[in-house]
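Engineer: Sequence:
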Amino acid sequence: MLIPISIEENNIDTSDTEISNSTFKDLKLKEEHIEEFLRKNIEVIFGEEESLLIVGQQVSNKEKGRSDLTAIDENGNIVLIEIKRDIDDIKNRKEAFEFQAIRYAASYAKIKSPDVLVNKIFSKYIEKHKEEFELGDLTPAEKGKRIINDFLINNNSLKTFNQKQRIILVASSFDPQTLSAVAWLISNNVDISCFSIMPLKINNQVFLQVDRILPPSSIEDFYVDIEDNKEVEIVKNPTEIIRTNLPRMPKLFEWGLLKKGDKLYIRNHDKEASMAEVVDQRFVNYKGSKITYNQWGQDVTGWSSICIYEWAVKLDCDKTLDSLRREKLREIDNEE
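Residue numbers (our numbering): 1125 to 1460.
Keep in mind that the hints are not guaranteed to be accurate.
[As the list claims (entries may be wrong)] The list that follows gives simulated cross-link-like pairs (lysine to aspartate or glutamate, EDC-like), each with its CA atoms no further than 16 angstroms apart: (1) Lys-1375 / Glu-1451; (2) Lys-1164 / Glu-1256; (3) Lys-1252 / Glu-1266; (4) Lys-1414 / Glu-1401; (5) Lys-1375 / Glu-1266; (6) Lys-1283 / Asp-1197; (7) Lys-1414 / Asp-1404.
Treat the hints as calculated values from the structure; they're not laboratory data.
All chains should be built: construct the whole structure from the sequences, respecting the hints.
Structural biologist: See below:
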């Protein structure tokens, strides 16, 4: 999946297109630059099929460990997102990438309630980025409690808060030893994933090539065998996993479920205040601005990422986009 680094509509002249691979080092981007970009645009990793709320950045534990990004997902799980620029950054660490993440996740397992999460992590995050939050007369802790409770209640996950922790590892590439360890953890029911993000230049525009590396369709493909007299083979082209088989916006337009001018609103929020008008497959018009569906959902809810299909409701039938696409799929199955 290609993501423009600047979140704008891109009109690329393919008649004279120059495509070249690049690296973060070539672009003079450090790990903290990638972290900040993902903090503000975490949907590039999680796509349109998951709702997520970023609640922490550079969180330290009592042993001086420092995690990159912390979030909660729509099931109430705490999500640890660890970022490395490239293989060299992974190899140069004293502690293995995946083991470092496990230590941080173990710290988060002790967080038993949303209030503890706010007091220990989220209030500090809000204070650090207070220009992004409308505090009014509220303290960061009060604002944090309102945001998290709203997120958990709307996703019906207040009772399942932090029953498990997830780990997301992000890098431009991974060494085979890390992939082997992560594959083993996945096979032993640890919720851990690897995503690669690589910069790609198309003419003068920089894009991110985002791919899910693990878990793959076959976990065993990533194990590194115990060395015998043969050279260990490096997996060069790991299987890409598509996040979901459910149809997305282009198919909804093709089926006539959505068209230009349709009105949408976000469920569980004020209908009039959240109303947007469909522009095309990528954009809606919301409060006079042309923005992406995800950005519209994020603006209304205040969340970092949103499964827009589950939350966008079509005004003329009061059904979510997810309900509409599932009904269409059942109709197609019945015809077959």
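Engineer: Evaluate each hint against the coordinates.
Structural biologist: Status of each hint after checking the structure:
| no. | hint | verdict |
| --- | --- | --- |
| 1 | Lys-1375 / Glu-1451 | 13 angstroms, holds |
| 2 | Lys-1164 / Glu-1256 | 10 angstroms, holds |
| 3 | Lys-1252 / Glu-1266 | 15 angstroms, holds |
| 4 | Lys-1414 / Glu-1401 | 9 angstroms, holds |
| 5 | Lys-1375 / Glu-1266 | 42 angstroms, violated |
| 6 | Lys-1283 / Asp-1197 | 13 angstroms, holds |
| 7 | Lys-1414 / Asp-1404 | 10 angstroms, holds |
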